[in-house]
Amino acid sequence: EPEVTQTPSHQVTQMGQEVILRCVPISNHLYFYWYRQILGQKVEFLVSFYNNEISEKSEIFDDQFSVERPDGSNFTLKIRSTKLEDSAMYFCASSGTIGTQYFGPGTRLTVL
Amino acid sequence: GIQVEQSPPDLILQEGANSTLRCNFSDSVNNLQWFHQNPWGQLINLFYIPSGTKQNGRLSATTVATERYSLLYISSSQTTDSGVYFCAVYNQGGKLIFGQGTELSVKP
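Residue numbers (the numbering used here), protein chains in the order written: chain A, 1 to 112; chain B, 1 to 108.
With the rest of the complex left out, here is chain A (with noise of 0.2 Å):
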């Protein structure tokens, strides 16, 4: 069964970093998602991504994140500054419609 693929599993960063958070949908999807979760909390949205551009975005999403899809299979977010709130589990998403979404498994960030 197609699955949606994260790397890497666990990031550790220093505050102020950079940080790239990869991702691979499955791929005959269209819209792509990315969440996050700070630890013992719910799940965020934090941006959507449909057809090389972002469809939505939350308050959460300030300057320092940026996505990106450079080729036809990844799917990127950066933090250009970490700060230590950042600390949090981010998961990917992808659809082929506007409907069931498939999560992979979660990048853990830990800015230190």
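Just so you know, the hints here were simulated from the structure itself, not pulled from any lab data. Hints are supplied without guarantee of correctness; some may be wrong.
[Stated by the list, open to error] Okay, derived cross-link-like pairs now, DSS-like style, lysine-lysine, Cα gap no bigger than 27 Å in a straight line: (1) LYS42(A) / LYS54(B); (2) LYS83(A) / LYS42(A); (3) LYS42(A) / LYS78(A); (4) LYS107(B) / LYS42(A); (5) LYS83(A) / LYS57(A); (6) LYS57(A) / LYS42(A).
[Claimed, not checked] Computed, partial: chain A to chain B, Cβ under 7 Å: (7) ILE38; (8) GLY40; (9) LYS42; (10) PHE45; (11) SER48; (12) LEU84; (13) GLU85; (14) MET89; (15) THR100; (16) PHE103; (17) GLY106.
[Said to hold, decoys possible] Each pair of labels, with its calculated beta carbon distance range: (18) GLU67(B) / LYS83(A): 18 to 28 Å; (19) GLN100(B) / SER81(A): 25 to 35 Å; (20) ILE12(B) / SER81(A): 34 to 44 Å; (21) GLN17(A) / THR53(B): 40 to 50 Å.
Every residue, glycine too, gets a C-beta built ideally from N, C-alpha and C.
Following the hints, complete the assembly by docking chain B onto the known chain A.
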């Protein structure tokens, strides 16, 4: 924006017991999805259920969209059912809005 509330927040069961988890939402939604977050943090799709009832093994879900709620039933619970169950609703743009989750612990 749409609010999603789940109850109960925590639930402890003996193996073999049945349970019902509830999800209320504050406005009309296009669709709704149930997830299980396992102890490793992975979000597993359980049901995509805008309305009606679906069953998958020991799990079933019912959404009554006109009354703005959904129920997840777990029958004959097993220790592997432990984890957090999230309900999430779709807004018009397709983003998912999650509830706070129900943390289920099934004891042997």
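Sort out which numbered hints this structure fails and list those numbers smallest first. Hints 7, 8, 12, 13 and 18 contradicted; others consistent.
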